[in-house]
Amino acid sequence: MNIPDGLFYTKDHEWIKIEDGLGTIGITDYAQDALGDITFVELPEIGTEIKQFETFASVESVKAVSDVYAPMSGKVIKINQKLSTSPELINKSPYEQGWLVVIEIYDESEREKLMRSKDYQKYLEGLE
Amino acid sequence: MSYIPHTPEELKQMLKVIGVSSVEELFKDIKPALRPKSFNLPEGKSEFEVKEYLQRLSQKNNPYFINFMGAGFYDHYIPAVVDALVSRSEFYTPYTPYQPECSQGILQAMYEYQTAICNLTEMDIANASLYDGGTALFEAVMMSLRITQRDKIIVDGGVNPIYQRMLLTHTANLPIKIVRLPPNIKRADREKIYYHLDKKTAAVVLQNPNFFGSIDDHSDIVEKAHQIETLVIENVYPISLGLLKTPGAMDVDIVTAEGQSLGIPLSFGGPYLGILACKKAFLRKMPGRIVGATVDKQGKKGFVLTLQTREQHIRGYKATSNICTNAALCALRAIIFLCALGKQGFVKLAHLNYHKTEFTKKLLKDIPGVEVVNSSTFNEFTVRLKKDATSVLKQLAEKGIIGGVPLNRFYKDMKNYLLIAVTERRKKAEILKFVEALKDAINL
Amino acid sequence: MQLIFEKSVKGRHGVKLPELDVPESEELPQAYRRTKAPLLPEVSELDVIRHFTRLSQLNYSIDTHFYPLGSCTMKYNPKFTEEIARIERFSNLHPLLPEELVQGALEVIYETERSLCEITGMDGFSLQPLAGAHGELTGLLLITAFHKHYGHQKKYVIVPDSSHGTNPASAGVCGYELMVIPTARDGCMDLKKYKEKLNPEVAAVMLTCPNTLGIFNPHIMEIADLAHQAGALLYYDGANLNAIMGKMRPGDVGFDVVHLNLHKTFATPHGGGGPGAGPIGVKKQLIKFLPIPRIIKKDGKFSLEYDKPHSIGSIAPFYGNFLVVLKAHAYILLLGKSGLISVSEKAVLNANYIRAFLKDYYDLPFDRVCMHECVFSAKRQAEKGIRALDIAKYLIDKGFHPPTIYFPPIVKEALMIEPTETESKETLDEFIEVMIEIAKLAEEHPDVLKNTPVTTPVKRLDEVKAARELKLRWMG
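Chains as they are written, first to last, in my numbering: chain A, 9 to 136; chain B, 88 to 531; chain C, 237 to 712.
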């Protein structure tokens, strides 16, 4: 399982990369593996406000659909348009090309509720 | 008669393997307090005895009158090929094709059905059927609420009252507002619709031909609705699509229909066929099974159920609907029917229906005391009689004719109105007999 | 195989229609007419027959293969009942015919309601719901009407985590929020957690018994009492009725509302996915809410009663799927009291026979006597890289329709096997033999199981491609 350093993780297998008040959000390698081949992604519109730990998107594979929960609160300023034609990018590159949205973070202190890579790794080990 | 093959010897062997001394031991978790208070059914009978009994019962039914009833369910001829093919047990004994490799037959037939429905209605996509036209209409309304995130529905006065009642029952616990326009025999009342049409309206529900038989072109209503992003749902009659302007051509968003007229017997209430079709953009909000084309590992073409993530067995609470079973065998009847008639036959069928009805209308118009209320119709129309329709029907019944559906069955104030349908099965002699009998009954 | 559209030849005609025997009238105004004829195939009758006959031969079906699809009760569909449904005096009745002309049909519905009451211990039935899931929705509508009538404020519906997907989906469509109770180690709904969650805002508790694991919950009366004390109604999902006919009646043990699946327990055909029928039964206090019209019998005559002020309305266009009901009625008459009891006994016997053999080869999440179906987990095999899916596909090559896989969701790599009572010991032995073979192959030669099926006309189909590149109709 790939768990890059420098990102923050949620119990529902989302990651967020925080840089200059902006957060790039996606789902982890564990999540894409569990879902299988992804066939469709439903993203919010630009301008949508999302709240920490509430659903803001969904990712579908042939046999399952998964809600995606916001790691932190903010306003959506960018969405990954490529996913509408190539949802498999999430499988191939969950942390880079498979990013879902970029948000303007409202409250940086919210990241204290998230896990760092080592904690997430421990968390995954506990799941199996 | 129980279709159970076990011999006493086999029973003994099986119990031994399981490690119990009797079958009853397998039910030991059902303690005495839980056992049935009674189970007083008669003992089973032989096929011969049950057949005799049921045949006697069937003799108490009489479908052999000359039938001019419609109201959404029509007496059309069903070609012999339909029953012959649908009686093949490889079609009627399997279940939903969850394992596509051993279900290509039903999957391909459903794909062909979906294609045919799209072509009839000129819509982008159709699903592989719902239970009936009324639940299809309900599902269409639910779709429109999901898509627009609004909470108001306008139902035109020409939409089948049977479906209106079903819609109210199904949506009783939802926080939505349904505006029902008063019954309207003629073309949809634009003024009334636009009065209620606003940005809270998710959809306007129309029907063409309407319940009373009137034909219309709803393109203008669709345009007006689209200006404020309200959807239009149109309930249609499949046979009429051999002749009439399609909902697709009117830019309608969601189409529903009752498919009984496509090779399904009148069946005294069911099973029927719910048809649902819509624009491409609404695909993911459409309930029910959908068959998609794909390839196998060797590149060979094949079919699978697709987009199952919308459905109950994966999505549970968030499912687009709670539907599990559909009406697959009825959809199969429909596609076989359409293929048996073919493009030319289907158009001719519509043609026959239309002209026989026009002929009947002309003759009835000449009877004083009988007023044909609609202008343009397909194969059904409404008359206003100078006396009570029920008493007229009684007279006709004595001559072996069911003259139509008395509208006071649905609308208390329409005692003198009669809904008459003339399909291709009504021969000229039957029509003339009907007209004569009606003339006599009116003057009695 | 080519699509029927691809076999179309311009100018070819099908069935012959009669000629117009009345003078033609004026055509409709252009504005009301379609511009082009609909694109339907132009094929001969023989083309139609060959095409669909060949298609039928591509299907596995009960009449050709053992079909242990768990939860669906794929028992033999008697040919006799098919014949009955083709009697014209039953099939050709317009639903709006005057009552005097359909007394036989009304009697069929009335008598079936009564039989189902006796079989389930309920006080009243409606045959309107058009499928099992539709019956569930109707049941929840009835329950809501009941609570509204008595001024109860209700928000939740409780279901076990093993429930069929239609249960929570129906609750959602009916405006309720869901509370899910986990399954305990004995395979039944966790009683402790159930007691914790139960509160005065719960409208209903939806259960099936035996549950989707094929396990009978011995605490059913306690669960019912607790629900009633909290002011909730108890709903029985009748999908698994095949296990308990004559052994238990849901109405006797505390269930207030019941739905049945005629296409499961009562042997009406599944039709490749439908049509079915999902009659709904209720206890006395809910009868007044049942859908209209009700069938009344007075002085030997049957009639339709619409004047029921407390009714929820109509859930079907008329009286339900009459021809399906007719088949079920015929089935009940054929089997009778002892026959139905024997059905449940042999259904449970057959499932336990399979369980007894296969438990040495497959994980049994709940190692206890099962009822009419048993749920295995292919966990052991998955460790060797063989998943439930692979097992299913290999079974197809061996001439069996696979059991249900990946349901219930609480069991990993679930294989839900429901043989039904109409299968012989020989058939079960054949199936068991192949399942044991599979378990051995998974250990020693797992690659034989991958990439199956190999004998079918199409091999494993690319479902991802189907979902990513949506092709839902033939475009020509």
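Calculated from the structure, these hints are not laboratory results.
Only a predicted model underlies this, so the values are computations on that prediction, with no experimental measurement involved.
Think of the CB as a built atom: it goes at the ideal place given N, C-alpha and C, for glycine as much as any other residue.
Treat the hints with caution; some may be incorrect.
[What the hints assert, rightly or not] Okay, the calculated beta carbon distance ranges per label pair: (1) Pro254(C) <-> Thr94(B): 41 to 47 Å; (2) Glu96(B) <-> Arg604(C): 23 to 29 Å; (3) Glu458(C) <-> Asn127(B): 48 to 54 Å.
[Unchecked claim] Footprint (simulated), chain B over chain C, 3 or more residues, beta carbon under 8 Å: (4) 350 to 357; (5) 368 to 381.
Verification of the hints:
1. Distance hint check: the CB atoms of proline 254(C) and threonine 94(B) are about 56 Å apart, inconsistent with the given range 41 to 47 Å.
2. In this structure the supplied range 23 to 29 Å holds for glutamate 96(B) paired with arginine 604(C), their Cβ-Cβ distance being about 27 Å.
3. At about 28 Å, the CB distance of glutamate 458(C) to asparagine 127(B) disagrees with the hint of 48 to 54 Å.
4. Counting residues of the segment 350 to 357 of chain C whose C-beta lies closer than 8 Å to any C-beta of chain B gives 4; at least three are required, and the coverage claim holds.
5. Counting residues of the segment 368 to 381 of chain C whose C-beta lies closer than 8 Å to any C-beta of chain B gives 8; at least three are required, and the coverage claim holds.
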